[in-house]
Amino acid sequence: MQQYLIAIALITVGGILAPVIRKHRDVSNIVGAGSAIIGALLALLPVLKVLFSGADFPVLLLSLPLGEASLKLDAVSAFFALPVLVLLPVTALFSGAVSRQEKYGADGYWFFFNTLGAAMLLLLIAANGVVFLVAWEIMSVAAFFLITHRDEIATARSAGWKFLIASHIGTAALMLLFALLAASSGSLEFSQFAVAHFTTGMGSLAFFLALFGFGVKVGLLPLHVWMPDSYTYADAPVSALLSGAMSKMGFYGLLRVLMLLPAPAASWGWVLVIGGLLTGIFAMITALAQSDLKKVISYSSMENAGIILMAIGCSALAMSWKQPLIAGIAMVGALLHVLNHSVCKGLLFLGSGAVSWGLGTRKLELMGGLAKKMPFTAVCFAIASAAISGLPPFNNFVSEFIIFIAGLQTATIEDPAALLLAAIVLAGLALIGGLAVATFARTFGLVFLGASRHDKKQEINEITPLVRAPFIILMLLVGVLTVASPWLLKPIHAVALLIMKDHAGISATASPVEFLQQPIIMVVQFSLALLVLVIAGWQIRQRFFSEGDRSDRMTWDCGYAEPDARIQYTSSSFSQTIVDLFSAIIRPYKHGEKVSGLFPQHASFRTDAPDSFLRYLFIPLFGLVDRGLRPFRALQHGRLHLYICYVAITLLVLLIWKVVVL
Amino acid sequence: MTTAYALIIMPVITGIISLFISSERARRNLLVIVAFAHLFISIRLCSGSAGELNGVWLGLDQLGRMFLMITSLLFAGSAIYSTVYLDKHPHFNGPAIAGLRMPANSNAIFAACMQFFLAAMTLSILSMHFGLQWIGIEATTLASTPLIYYHRNKRSLEAAWKYMILCSVGIALALMGVFFLAMTTSSHVQQFTPAGLVLFAGYLKIEWLKVAFIFFLVGYGTKMGLAPMHNWLPDAHSESPSPVSAVLSGALLNCAFLGILRIYKVCAAVPEAASFASEMLIIFGLMSLAVSGIFILRQPDYKRMLAYSSVEHMGILALGVGLGGSAIAAAMLHAIGHSLAKASLFLLSGNILAVYASKKVEDIKGLLKTMPITGALWLTGFLAITGTPPFTTFNSEFAILRVAVQSRSWTVAVLYLLFLLLVFVGMLTSFMHMSLGKEGEKEVDGSAGESIWQVFTPAVFLCVALLLGVYLPDFIRDTINGAAFLLGGKAL
Amino acid sequence: MNSIAALLAITCLFLLGSSRLLVSIRMVAFQGVLLGIMPLLAAGSHHLGMGAFALCLTNIGLKSILLPWLLRTALFTSGTRREIEPFIGFGASIMSGVVLLAISGYIVKRLETTAQLSSSITLIAGFFMVFTGLFLLITRRKALTQTLGFLVLENGVFTTGLSLGSEFSVYVELGILLDVFVGIFLMGIMLFHIDKEFDHLDVDRFNELSDLTIDVSETEEVSE
Amino acid sequence: MISPLSIIFWLLMMLMAPVLPGVINKTKAFFAGRQGPPVFQLYYDISKLLRKTSVYSETSTVVTRLAPLAILFSTLAAALLVPIAFRSAGLSFAGDIILLAYLLGIGRFFMVLAALDRGSAFEGMGAAREVLYSALAEPALFCGLLVLINETSQISLSGIYEKLTTEFWLENPATLLLIATSWMIILLVENARIPIDDPNTHLELTMIHEVMILDYSSKDLALIEFASAVKLAVFSSLLVGLVFSCQGMSVLVQLAVFVAGMLLVSIIIGAIESSIARMKLLHIPKFIVGSGALAIIALILKLSGN
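Residue numbers (the numbering used here), protein chains in the order written: chain A, 1 to 662; chain B, 1 to 492; chain C, 1 to 224; chain D, 1 to 306.
Only chain A is shown next, with the shape it has when bound in the complex (with noise of 0.2 Å):
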């Protein structure tokens, strides 16, 4: 616990530190970075202690105004740590290595990253209602000046904006959210929290406002409007680092509010697992219309999101159902898809830095053929792709293959709920899979395939080998996530079984980890050697079956001689089937001219699409607010006559409401 407290000073100092010796920018960076980098590596002891043990570091009390407030280190936070202990090192490393030619060190960058960091670790350990709260907010704010970092540029202003703003409603529906608590148990404490109770209204109430708050965080449906501007307009390894690390927090909070609450009702699960597969259908089919390459991978977010929502929301059914197996596996597949989700997202966020840096754009319109120029990158990428696809044999889908288990193992119960809810996981992760598929098959073929069609004369450099390091960690950490996944399955059960408590029952036939280890060696036995198959036949065929190939043919474009980059099929057009098929949803902005005539001179097509729910929801509802409030203003006229006669009414009103009427 000490140690850990110890990363998270030296976090911290060395954010204080490095904008104060911002004059010598290498040495900036070097504190900065180095602190974030040390101070995680630090802190990863005492994680993984509690995390392989199971033992609970002693609760540390702090005196605050608000009364006394402990700290503790359990199995849960232990968990949640991992994704920001990941991340802070790799996007801090990240930082540091592409300083040179990015503006980072400068204008307190390092402060804020390293305040971000501190703030989610402090986070984890609070087990007090304030301390929370106090962490949840700093992150916020943290992340706002990271993400408005770039503040010449006014769409990353209205990015942090629009952040800031639906993060604050969100921490108002936390500060309810612990005010009730408190207000039931009489303390703050999260261990006078988990032993007051609550009537059922109590609870339901005080688990929407937690799925409130936290859900603007993982990005749940209409609250997610924030968070695909942040994450495009922020500079990549912030990106990674909001995506990977801090939208995990709001899964935490999610998480340890369960944990404090009586048994979870029907009624949450039902509410998080529609929520999840909207929230999950949603974000893909409009990441499928963007044309923004940050964008796509913002909406990806929100994707994983939606999943781990409908297995946390599969496990509160469970439990309300007393099936102890499916809740853990359920559980235990929405706990490792989040750390699954967070590695493969940073890889994808950092990738599309160094794309965007080398390129000079994110427009998927002008990209194309970068693969011969940035090879690494590409290998990056599209292992990352393929991951976050849930393709096999990568982390990602051992994740989702655990939900689909859960699903497919709800569908065995006799019971018209359990088979609609086994329907939904099934055919809606099934149906967010195949969309992810897509999305990411058509991003990385038009950003690293096919002919570039970017200016030919830019020079494109691959990324600095320094600046590959974070690059090698994180996909190292796919690997190890894919073949250590049997092995992990018991800490992360016991991490589960934390959070579900009895809720569930005891398990009569197998424990989870017993259920799924089999079915997991087996699936990442054989997609591994699926994979050296594939490897090894190709390098047969180029090595001894290759003679008399040659590659120096131009593209078969059913005989069209001159076939050039502009003829490719674009990121518009690709999507376009699908974008028509849910224009209800996202209704796309469509441009371009119809080709017409005998000889069609010029025609062109593209499309664009804004969130539908920023456009058809917030926007409105705030201008309503705005118009709402309008004729108020006239009240101050500057007229001193009437202001006197404000004074006199309000007493009238008074004496006659009080006094006479009385």
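Among the clues, some could well be false.
Computed spacing ranges between beta-carbons, pair by pair [stated by the list, open to error]: (1) 621/A - 451/B: 52 to 60 Å; (2) 94/C - 154/B: 33 to 41 Å; (3) 191/A - 43/B: 39 to 47 Å; (4) 274/A - 268/D: 33 to 41 Å; (5) 60/A - 169/C: 53 to 61 Å; (6) 199/A - 3/D: 56 to 64 Å.
Calculated cross-link-like contacts (lysine-lysine; reagent style BS3-like; alpha-carbon spacing at most 27 Å) [to be verified]: (7) 363/A - 154/B; (8) 205/B - 658/A; (9) 154/B - 109/C; (10) 590/A - 48/D.
Think of the hints as simulated: they come from the structure by calculation, not from any bench.
Note that beta-carbon positions come from the ideal geometry of N, C-alpha and C, so glycine has one too.
Fit chains B, C and D to the given chain A structure using the hints.
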């Protein structure tokens, strides 16, 4: 007891002296010296080393102790700042006006009135007698009106006139309240002080007490800036010189609030009146929050925005006291946090004004680049004033919410959060526009607003606000809790 | 006592109806005299001390000599029109005055049930003066009339205090008087400044400071 | 764990897979009153292609070269998970159907990437359609599966097929019919058959599968053609296992029934292709979603039957 009198009389005397000092430098130094002497004596008085103060006229209970410290501290900070401010605004030393009109040197008036103002505020805090307190509060109006008119232009004159008339009317109504309060006592009460009346709580006539409370609330509420009597506030705060705005907002409003708290204390001793008074305070608190939310959103003038934010925070104070229980202690804590943050912001707005010579939000861009220190502090102040953790305002706002939820006042809790959110959106938009982004097209020399004394006070105040958010020293905690006990509340 | 109260009420009606500023100033001065005498009568003969006399003299000196003089000076130097320009006509003002008087009477009747009042007519007069003061403040256009209105309001508060028999120490009373005096004095000074800056004393044209101009242009929330 | 017999069956099915397209073509020829190519035509094609040398576009990268192998191997691996001839599959574990679907997904992923790799005007179009239709088809497949899981309480493919009894289908013929139809549609979708796609044309703008492999030649094309045949066999065997049930009979009977079933499926496909025209692209999503709806109706029937 003599210390207390000294505390009130000293600024008066030095104020009169400074009217006759010709040296600009000496006058300014005197102001700072007096401010710090006042601070020093206040600390001695509050720490109890000058003996207990519990007279018929003057007294210092825990409430007074808290407000005295805030006032004195804020004044000292503003005094330091104002020495530089007077330098930076030479063009405001308008032409001499002869005859009955104000004396030639507006800076002399400024220094003198600042000190009178301090004396009046001290009087209103220290006075236990309701009549004496009224005198003190009215005196604050009188002393601060010339300060608001410091800039000698149409706008400041208009603001000063409105302030004068509206506050005087309000305070005249409060005097009615004082008379009515006197009526509540059937037999002759020994002391016309809160403590004296509380002793006879059982004999007080509730009807009259309620009438008196209404008059106090409307009267002092006008001065405190509770909606819908707040209309003078944005004008006066935005037109007065920044150090004055800081004191007006951070200290004066508290003094007026203290006026309401004194009678609230009497009401709290009578159960029926207590619930009535609480209800009133909650209603006015929510109204103030609503009004501030409406006007902060899209507010084009940043000093007015800060002024409306004062209305908001006064609403929170009223709400907190109205909710009772530990929310009263939270409201006290909030008063401290608000004063520190708001004073800092007003002082910083002076820096910005000195450089940009505009109060329009849209004219100011990229503060972080043109004025790095001011810009950073400006954003920090924004976080502090909107109740973002770990600033102390967060603790108090959350504690108030907690009590609202605990007492099952769902409507209050939800409206409270909603209005806070509205304010947050409005302020965020303006602060972002001002601080972030590219510099504007206009060439500005940021160094004019960045000298050490211009950023010293805000920096110190904001640091204190930050520290208090994480650690509340025992003497402050005791004072706050003591004040809450006086008003029938619970410890934080 | 009651007759003085009645006189006070009549001066108020006069104020409501008068169209000349000078007459109004004289009326207020007259009120000051009446108010000065009143505490002497109210206290009765048994505790008439030096303090009460001092108070009486100060009251008369300030309210009926010094302040009216100040206001008159202001009026003459400003050179504005001597007529009062009300939002509500004089006839209507008097009618409103009668209504306000009735309301005061009603309120006092309600209050009487809960407390023994030394003189209910004085209280009615006090309330009426407060209401009149507010009415003048609200309906009269000129800064000068607002000052007068404020003075009437103050006088009303005083009368109310007297009628309720609330006795403070002489020091407090003196302090209150001093505050009122300085207040009016400051207002007087500001009248000069207003006249100088604006060339008029019309408070209704005092509305540069307002939030009516909050523009409705697009802000960042809409920008995409 | 892996029984030798199932491996033998798996090998057999792989070897026999290219017959199925031949049968389909023969059937179509029969309906058209033509002689048609021989049943073993695909074997000839593959052997001919294997002897040729490849030509690659200059824009292509390693993806183009890697894809055929990835497609083939993932399809072969998927076939290992399918129960063949009513015996337990080569590999069987809880949730193997998921792996099966995702192995096919790998193949699709590579196919799509390869299509985008050449920067062609047409291949991207096919890729866009392919990803959409398969994304819609997968949920439909799982909906049908749900009924089976609910009936058998098993979550491995082999386990489900072992427990499916003739009695159950006799009691619930409607359910069988619905699921079979639904899966038949999915088969058509996944294997790019009429009415979704036309495997015989190469130059129309309306194609999906064939357009994606426009640039492949020689050995690569051979691998892809073979993989397609295997994929067809995989789906057909799923369908056969669903409809026929020969539990507890001798291996030879099972094998005979299975082969007959496979041929029957091919003939049905041929018959469908001969009798209806290719659908308009706009209608295809509805068609696929409709197949999911059939499965859901089956689900509801199952529930009300309980």
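Hint by hint, here is what the structure shows:
The supplied range of 52 to 60 Å is broken by residue 621/A and residue 451/B, whose beta-carbon atoms lie about 45 Å from each other. At about 35 Å, the CB distance of residue 94/C to residue 154/B agrees with the hint of 33 to 41 Å. A hinted range of 39 to 47 Å for the beta carbons of residue 191/A and residue 43/B is consistent with their spacing of about 40 Å. Residue 274/A and residue 268/D have their C-beta atoms about 38 Å apart, which keeps the hinted 33 to 41 Å range intact.
In this structure the supplied range 53 to 61 Å holds for residue 60/A paired with residue 169/C, their Cβ-Cβ distance being about 58 Å. Restraint check, residue 199/A to residue 3/D: a C-beta distance of roughly 58 Å satisfies the suggested window 56 to 64 Å. Annotation: proposed proximity of residue 363/A to residue 154/B is violated, straight-line Cα distance about 54 Å (limit 27 Å). A hinted pair counts as satisfied when its Cα atoms are at most 27 Å apart, and residue 205/B with residue 658/A qualifies at roughly 15 Å.
Taking the CA atoms of residue 154/B and residue 109/C, the gap is about 46 Å. The hint is violated against a cut of 27 Å. About 47 Å separates the Cα atoms of residue 590/A and residue 48/D, which puts this hinted pair outside 27 Å; it is violated.
Figure legend: structure checked against the earlier numbered hints; hints not met, in rising order: 1, 7, 9 and 10.
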